[in-house]
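For reference, the chains in residue letters:
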Amino acid sequence: MTPPAHEPPTVLTIFLAMLRLGCTSFGGGSAGWLYRDIVLRRGWVDNATFLQILAVGQALPGANGIKATVQIGHHLRGGLGATAALVGLLSGPFVIILIVGAAYRGIGEHPLVQAVLDGMAAAAIGLTFDTGLRSAWHGKPGIPALAVTAATVVCIGFLNWPMAPVVLVLAPLSIALAFRERRDA
Amino acid sequence: MRDGLAALAIVFVPISLLSFGGSNAIIADIEHQTVAVHHWMTGREFADFFALSRAAPGPGSMLTALIGWRVAGFAGALVATIGYYVPAAVLVYFLARLWGRWRGRPWHDAIERGLAPVAAGLLLAAGIAILRASPGGWPIWAAAFAATALLLRWPKLPPTALIAAGGALFGIVAAVTQ
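Residue numbers (my numbering), protein chains in the order written: chain D, 861 to 1045; chain F, 541 to 718.
Quick caveat, the hints were computed from the structure, so don't treat them as lab data. Note that beta-carbon positions come from the ideal geometry of N, C-alpha and C, so glycine has one too. Heads up, some of the hints might be wrong.
Among chain F residues calculated to face chain D with C-beta under 7 Å, some are [claimed, not checked]:
no., residue
1, Ala546
2, Asp569
3, Val575
4, Pro599
Stretches of chain D that chain F covers, calculated by requiring three or more beta carbons in the stretch to come under 8 Å of a beta carbon on chain F [as the list claims (entries may be wrong)]:
no., stretch
5, 906–912
6, 916–925
7, 952–958
8, 974–983
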């Protein structure tokens, strides 16, 4: 990673930037919001570093936006920067969701509100399916990869098995298949 | 109260460390744990919380905060949020540079490619789990599949607009048919 060209922003500036970003990034896809704000608008991190940050996060658990935020904060101001970035990003949405939750407690039982929430849930499920289907097809997967995806869907989506054992069995299996495929290629 | 907080931490910390594929990939397991295992809420409430958290701003989802708040108030929201976000953040903090250094090794590539199909399966399972939890019946299934088809055809549809449109459509239908 290349170090920032000029004096990096202070810890407080990082916190405030992430606070603002957290409150204004709607619809998920935080990586895109981070890119527009931190790379394009503020120029704190260059393009190559940002792509590298995203790539590195791919094999690690967690939301992409969170993983990128921690790494950006760390890149700019070390451990304190990473902490400020993470707390900044989460605190706004945390307060907002509690206000939303309180409003729900007041009016959530109303039939009209329930209908609206059903429609919102349906659209949000569509977003999740869309991402799932796109990632299932990403990189022209072979039969083994598709079988792993199908097995995950059946075990967790239909059989209601707990995630931990399923992932702890299927992930190593899938990694072994990918390793063998590479060796054969 | 203290039991509730401990249970929240026990549920969310392992989920955090297994969330390959991001915040939406773990929703099937969160639904299973909160509705079927711990009886913290009904399927209806879970589906509502999911909808609200996707409509609100923020990274991934603040679904965890809503669940924690439902179980043990403000302290519960704090414990669930920290339990879910912090372990993965600490892991990425310590492993990111190490992982970057290993780029190019055969097993590095195999791990990244091997995790992708599992993550995709988890995302699809998440959608199915919420549909099965929701008491909304066939209209919500139909609308979810229609939304998926729209997104596959027009990938640039803004998510927030789609969620608002879904809510408006169902609201209008309910108001007219009541």
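Okay, the hints, checked on the actual structure:
no.: 1; hint: Ala546; result: 18 Å, violated
no.: 2; hint: Asp569; result: 4 Å, holds
no.: 3; hint: Val575; result: 10 Å, violated
no.: 4; hint: Pro599; result: 4 Å, holds
no.: 5; hint: 906–912; result: violated (count 1)
no.: 6; hint: 916–925; result: holds (count 10)
no.: 7; hint: 952–958; result: holds (count 6)
no.: 8; hint: 974–983; result: holds (count 10)
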